[in-house]
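Chemist: Sequence:
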Amino acid sequence: MNKNQTSARRLFKITQLRLPLALVVSGLCGAPGWAAEVTLPKVSVTAATDGDSYAPETTTAGSKTAVKWLEQPRSVTVINRRRMNEENLHTLGDVLQQVTGTTVTPFDGANPDYQARGYSLEITYDGVPSGNGGSGTQEFDMAIYESIEVLRGPNGVYQGTGQPGGSINFVRKRGTETFALSGGASAGSWNNWRGDIDIGGPISDSGNVRGRAVATWQDRGFYYDKGDEEKWLGYATLDFDLSKQTTLSIGITHQQDDFHSPSMGLPAFNTGGFLRVPRSTHVYPSWNFFSWETREYFAELEHRMENGWIIRAKGLDREQDKFFKDAYPAPQVGVDPESFTTDYAARKNHGMTNRTAMDLYAAGPLTLWNRVHQVTLGYNREKRDYAGRSVTFPLIKNVSIFDPDSIIEPDGPYLRGNANVFEQSGYYTQARLSVTDPLTLILGGRLSDMSNKSRNVAPSQETAFSTSTEESEHFTPYVAAVWQTTPDISIYGSFSDIFIPQFMRDQQNRLLKPREGEQYELGIKARLLNEKLNVSFAYFDVRDLNRAMPTLTPNVYAAAGEVRVDGFELELSGSPLAGLNISVGYTYQDTRYHKHQSMQDEWFSLFEPRESLKLYTRYEPASLAGFFIGGGIQARSAIIGTGEKGIREQGGVAIFNAHAGYHVGRDTTLTLSVNNLFDHSWYARTGGLNTYNTYGEPRQFTLGVRTTFQ
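Those letters in the sequence shown? Residues -35 to -1, 1 to 675, per mature numbering (1 follows the signal peptide of the UniProt record, and there is no 0), in order.
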C-alpha cells in the first residue's frame, strides 16, 4: 500500500467514525435541524418476532434494529416460536431444514454442516457476531430462542470476517410482563423421549423486574443399531428496568450433550460403490463417546432516549468443553467386497474453547434536508481461545464392519497439544437515507482488524505463538437501494461484502491479500392479502475473489482464483386463507470455479443441490372443531458431496412429512408427526471410502402434547 492510499484510508477512518459520532452527539443533545424530536412511551424489551405470523413484518437480520421486511434489501427467512413448536424443531439442524436456500448436511452424528449460496453460514447471538461458523459445532436447544433469522449472502459490515454464504441470528427469549407457563412432552420412534418447560413473568410487584426460565431434557436412540443421546439444558434470564428508559438484561445457559456411539455414516467398498446394506447398519464400537458441555453468560444494557435514539451494549462469554474418543474406518482404505473388512483408526481428543464478545452501538433518527433518516454506528470485538490435547492410537487391521465391538477400547496419555487464539474487532456504520418518499438509499461500511495465531502446548514441545493470518483496517462496504412502489410492494438492489484472510504467501513472502466475498442481489418483495402473505423473488450473484492459486514456484501462490455462485429464490410465507398457514421456498443456484488452474467451469459446492424446494402447510379451519392437519415436502436435485460422479452420488429426492393434531380445550394441544411419510431410502450425505455415506432417517413418528397456563 502506498503512502497516498494509507493517508486516504486513515482519513476515511476519521471521517467514518468522528463525523457520524458528531452527528449522533448532536442528535442526542437535541440540536435543532438534526434530530427528530420524538417523545417515547415506556418501552418493554421484546423480541421482534411478529407473534404467531408466518409472514414477519420486521426482522433484525442484517441490521441492529428492527427493520420492516419490505425495506430489507436482502433475502431473509424467519422461523418463529410458533413454527418451532408446531413442527417439533428442537435443533438448529431441524430449523434450517425449513429455511429456503439452506442445506443441512450430516457430519459427526451430532452436529450437521450448514450451507447457503455455496458456503458455510456464520453465527450471531442477538446480533453479537461469532467468528466461527456454525458447522459441526454444538448449539443450544431451540427451546431458549424466540426466533431464528437467516440472512443469505455476506454480512461483513456487522460480522467482520467470515464466509459469504450468510448468517444465522439467534433471538433469545426474554422476561414476560405477565405470568406465563408452558410445557411439552413427546415420545417418538427409536425411544425418543423429550420434555420441556418454560416459565416467565414479573418478579417484582411493580413489574420492573421480569424473569424467564427454560429447561429441557431429551433421551433418544437412533435408526441405526446401538447409539443414543442424552441432553439437558437450563436457561434463565432477568430483565431489570433501571428507569423508564434503561433496561438491563442478564442471563445464563448451560447445556450438556452426551452421545454414545454416534454414526458418522457408512464406509464404501474399496472399488468405490455404496455398501447397499440395511439403514440400521452401524459400523462403530459401542464404546465410542462424544460429549459437549457449553456454558454461556450474557448481558445487555439498553438506554432509550426521548428523541428516538437507542444505545445498546451487549456482551457474552461462552465456554465449551468437548471430548471424544472413537474408532472409525480408516481413511483411503474402503471395505473389501468379499470379506467386508477394513482397517480402523482410533483417537482421543479433549478441547476447551472460550469465546468472549461485545457489541456497542447507537441507532436512531436524524433529520437532514427536511427528511428523517436512520443511522447506526458502533464497535464490536471478539476473542476466541482454544486449547486441546489429542492422541492417535495404532491402526487396527482387518476388522469386520459387522463386528466393530471386537475392537478393544484403547487408552493412553495424550501425546499432542495445540492452542489457537482468534481475535477480531471493527468499527461499523450504516445509514438508511430517505431520499424521497418511495426511495431509500442504504450506505454502510466497516473497518476491521483481525489476527489468528497458534502454537504447540504440552504434552507437545511448547512453542511461541505464530501468526497464520492477520489483517489491519480492512474496509468492508455495503450499498443498497429500496424503491417502495406501493405501500405493499418494494423493489431493491444491494451490494454486500465480506473478507476471508489467507495464510498462503506470494513471491515476496507476503501474505496474500484476503479473499473477498461479494454479492449482488436484485429482488422484489410484496405483503399481500392485507399483509397476511409475504412473497419475494431474488436474483443473486456471489463472487469469491482473490482465491489462492499455485504458481510455477513451489509454495508460492497468487491471489488470482475466483468462484461464482448465481441463481434465484422464490419464497412465500403467511396465511392466504383463514386457518391456513404456508411456507414455500424454491432455490436454483449454479456454483462454479470461474478462475482455477485445473477445474475451470467445474461444479464448486458439491454438497449443495442445484435446485431445492421446501414446503410446509398447516390447515385449521373452524369447521374441523379443534382438529388441524399439515404437511411438508423437502425436495432437492442430485448431490455428489465427497463421492464419485456416476459411482457414489445421490440423485434427486423428495421427502414428504405429515402432521395432525387436536386442541383439547383452549390451552392443550395433542399432535402426531410423521417424517419421511413414505419411508423413502436415500443418502442425506455421500462421503469417502471410510465415512460420511449417511442414510437419511427412515419413517419416524412423534406423539406430543403441549399445554399453556396463563
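What the hints contain is simulated information worked out from the structure, not anything from laboratory work.
Heads up, a few of these hints could be off.
As the list claims (entries may be wrong) - Below, a list of computed lysine to aspartate or glutamate pairs in the DMTMM-like style, where the Cα atoms sit at most 20 Å apart: (1) Lys362 <-> Asp376; (2) Lys33 <-> Asp376; (3) Lys287 <-> Asp223.
All of these numbers come straight from a predicted model, not from anything done at the bench.
Chemist: Take the hints in turn and mark each one as holding or not.
Modeler: We went through each hint and held it up to the structure:
no.	hint	verdict
1	Lys362 <-> Asp376	holds (17 Å)
2	Lys33 <-> Asp376	violated (57 Å)
3	Lys287 <-> Asp223	holds (10 Å)
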